[in-house]
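Top line first, the protein sequences correspond to chains A, B and C.
Residue numbers are given in my numbering: position 75 of the first sequence equals residue 75, and the series is strictly consecutive.
Residue numbers are given in my numbering: position 170 of the second sequence equals residue 1170, and the series is strictly consecutive.
Residue numbers are given in my numbering: position 277 of the third sequence equals residue 2277, and the series is strictly consecutive.
Cβ pair distances, simulated, as ranges:
no.	chain 1	residue 1	chain 2	residue 2	range
1	B	1252	C	2495	52 to 58 Å
2	C	2435	B	1097	42 to 48 Å
3	A	119	C	2133	33 to 39 Å
4	B	1097	C	2454	23 to 29 Å
5	A	167	B	1310	21 to 27 Å
Far from chain A by the CB rule (all over 10 Å, computed), these chain C residues:
no.	residue
6	2054
7	2060
8	2209
9	2320
10	2356
11	2361
12	2481
13	2487
14	2553
15	2561
FYI, nobody ran anything at the bench for these hints, they're computed from the structure.
Remember, it's a predicted structure, so these values are computed and weren't measured experimentally.
We treat Cβ as the ideally placed atom computed from N, Cα and C, and that holds for glycine.
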Amino acid sequence: MSTSVAEQETSQAALPERPKQLAMHFDTLHQQFTTGKLAMWLFLGQELLFFTGLFTAYAVYRGNHQEMFHYAHYFLDWRLGGANTIVLLTSSLTAAWSVRCAQLEQRKGLLITLALTFLCAAAFMCIKYVEYSHKIHIGAVWGSNFGVPLNEFPEHLREKYPDLTPEQLQQMGTGSFFAIYFCMTGLHGIHVLVGMALYAWLFIRALRGSFNRKYYGAVDNIALYWHIVDIIWIFLFPLLYLIG
Amino acid sequence: MMADLALGNFAGLPLAQQAGGSFWFPPQASDVAAGVDFTYDLILWLCIIFFVLICGATLYFMVKYRKRPGHKEEVTSTHNTKLELAWSIIPLILLMVVFGVSTYWYLRIVTPPSGEVVEVEVTAKQWNWTFTYRGDGLPAGKNYMVVGELHLVRDQAYQMVMTTPQNDVIHSMFIPAFRVKQDCVPGRYNKLWFRAIKAPQDDGAEYYDLYCTEYCGNDHSLMLAKVFVHENKAEWAAAVIEAADISRLDPVDRGKSIFDQNCKSCHTVNGDPSTGPSWKGMWGREEVMEDGTKVTVDENYVRESVLQPAAKIVKGYPNAMTPFTWGDQTDVAIEGIVAYMKTLKD
Amino acid sequence: MAGGIVEKPASAEVVHPTVHYLNATKGFKNWLVTLDHKRIAIMYLCAVSVALLLGGFWAIVLRTELLHPHDDVVLSNAWYNRAFTLHGAVMVFLFIIPGIPASLGNFVLPMQLGAKDLALPRINLFSWYLYVMGLILFLGILFLGGLDTGWTLYPPYSVGGGSEHKAVWLNLIMAYTAVFILGFSSILTGLNFIATMHKLRPKDMGMYDMPLFLWALYATSLIQVLATPVVGLTLGLSLIEHMFNIGIFDPRYGGDPVLYQHFFWFYSHPAVYIMVLPAMGVQSELIATFSRKHVFGYKAIAWSSIAIAAIGFIVWGHHMFVSGQSPAAGIIFSLLTYFVAIPSAIKVFNWVATLYKGAIDFKAPMIYALAFMYLFGIGGLTGLFLASIANNVHLHDTYFVIAHFHMVMVGSVLTGFLGGVHYWWPKMTGRMYNETLGRVAAVMVFIGFNVTFMPQFVAGTRGMPRRYANYLDEFTTYHQVSTIGAYILGAAVVLQVGYLLHSLFKGRKAPPNPWGAASLEWQATSPPDFHNFLEKPVTMGAYDFENWEYVSEEAGYVLKREVIETGKSLAKAH
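The following block holds chain A by itself, in its conformation from the complex (with noise of 0.2 Å):
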């Protein structure tokens, strides 16, 4: 976001021969271009911060339960988690594909990617909603809500510990395993839904051929957000879903 607006300051002191795109303090396109690509890393930075807290909580939580996360990571179904990484990387390579359309100014080459990216974004978010709303059914949530009865448990959980009772896990505290689950997949998910709704504002610019290979800063920093939206799932992924 922080980047793109700035780009369509629209001067009112605009000498003619300057191109439209260029705000009035800025001297050239260039100089505009590398000033929104700064301001968007320094964005990726707070965000990694921003994400770096809940991190934190989840090495304090699973260094001083790991028993706990170690039957609460059963509930989670990898092969989902598998998908959804599958679908996420798919994503990246059209976004960043998307970039390089637009340098080229492949009009055609610009609208697909940008409707995959958007389309990988929104099958992330339904096979979320698949997992979201299993856990909720059979009360695997957050803090003392939390309550799974035995014939819900997992398989796996239930072959390799079958003297577990839901009383015990309940006791253990799992609930704190899926206060983290949720607020860490549930911040990501939030920043999927901020993606689609910047590629669905980056596909409508591009139908209207706002981009040129000397204006394209827009689709090149809404990519790099993306990118690092899908370097922490990378993370979350083998956290929550593989390691036990």
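Got chain A; can you put chains B and C on it based on the hints?
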């Protein structure tokens, strides 16, 4: 009320001091206090030197180089590496000395002595301190709970094992005369040790002050306790047994103390409903119960509600109370509660 | 300036622009959608002033309540707790953090670079709206019955632990949301500033040619971008905890309240430097300008800002020495805390050295700067007692801490802010305030601070805990003296509001450069043109005072003819 503010308090200048203290500090009543104060003085003198240098130079320049007719600024060098290094490195060395001294005394504060250390359980809740004593000259097998009074023996090391109930908030125990402080966190046990080497009576005072220093809500500023230091174990044991004996109190005071300690978190005495009904005006009133029956609030109902709270619940309130007993003092306690409730009739 | 030859001024005629940024377009609506950094700065200045007055009002009420040890002079215990919460939260989140960067920085930063605007004007306006939303939410909390959690919002008390404040459910949600939003306002301002300094700086101006105020803002922005997200996340989690009982911070549901403290101070300690660094930047400008000396040790001051910002990230644990963290961690945090003292000391020494052989002009901003030196001296040095872990155990959460951080936050930040407002007032408004009243108010502020906070140091070492609505009789004198000091401060602020507002209508018209300062903004007219500069300013070192000469009180200082003709600074390379 403003009249009370009569500036008479200023007549007390120079500033009023607690008996036995210095300008800066209360008495040095624990074996770490002198060391802590030494560190303070060390830093204080360093600060005074630097402060006088900085402000002295500033004042001197302000006078000497003030703008006035005939005076003009001169161009001087804009940096001087040697000078700048000197005023960076010298303070750094001084600070490392301070750090060393301070850390030495900190380690003394946090490391309990190897000899005999008597444990006292401390429970902090909104808004009082409960100290539980056992053994060490007290009749075996019994716990002595005392609210708001910490009893110690001179020269004996004590370890406070401190906690606060899961549903309460963070508190912090602070005894200025001992220069110690430690937070009490819900669901955790924190420890704090100290040894009194001085008694308040040495300076003509009755007790040392103990404060809560972590903000804990409405009556945070009233969450105080008294620290008594006795000369020997026999005196100490007698004082603990007496303080723990609630029957010595007048029934109304006893009831109020029990209320403050145990009931205040769910009941009020000003008529506002809380988790449970307010005690104000409750005595003798006919209350409608959850099942629609009516019960008059009298001795029998109060006794039942204390011992078996779930038996009869006033309509509109949750069944949230846990039963209370006070060992062999249960009857005395309930007598106190009844007496206190009677005073709240209107 | 050898030889003392007085050259003829280039132009003794004062240009008072008839069209400038304040009246380029008219109407309320034009201001609300403006992208001009100067107008946004003015809107920030108005908003933070409202916050300052609101926070100050609560301070006066608190001090009045503390006139008597246990009677309720004006407030019950419950309202005392709400009053100190609102005082702290409003002052910290709405005044001290955004105060200098968002108002003065916003105005001055592009101009000191000779630029037309900040890099991202829309983001700038957006962050102002975020700020105003935060302000409105806090006002809402006030009207809905306040909040008594303390500005630190520690769980479990804040999220409903214990027996109190079940009724403030909504207020707490508003508080979390407000701080979260304000955090984003702060982040966006920070990244905007960094981008501007890197990308809009003229090619012939290196980083070391920038005024030190900009270095200070640069360091501030770094912290804003890197620390603020953590508090955003923390309060976001607290909000979710409060609404859904998820058990991250609340021990009733298995959470860890001490983790909150770590997260909170990971931001809030660096935030202290977000507050004080810009004030130090203003200080560097004032000291140099009013002693007419190139600032001593430019690089040391510049890099000490960055050093403070960097070390500031790793000292948060010194707020938690008695929270139950391990003694080893405590000792490490204590050591690191001492390291912050060095760059701060370096700055002070350099300012003193700057005065050497100057021509010190005791204008109102300079009185603030000298007061800063003294008050920051005390604030900084008393920090050494608190960094000492053995003393900290005794002093933690007592009035000593209160006095210490007020000396830094108020004594330094507020004097820095007021000094800066007076310094740039002619540039921002085109009017001169009454100099005599300005000096009187500055002296009152100085005296008021000392009377208010000096007794609190002693009350603290004697054991007076903070956040106490009632206290033991032995502390009465300290509190009463302190309250009188607060009244003096209050009177000074009222006086300032009076003469500054008066100057807007009746003040003498300001010349472009009334102080003889050398940074680029003084080459613009007062008030500046909508595009800041009518013609490209002569790039020069920020402290090349020899390029300016005094003409008269009406005309102020003007650039020497030589400078205008050659377009080059007269200063030799230092």
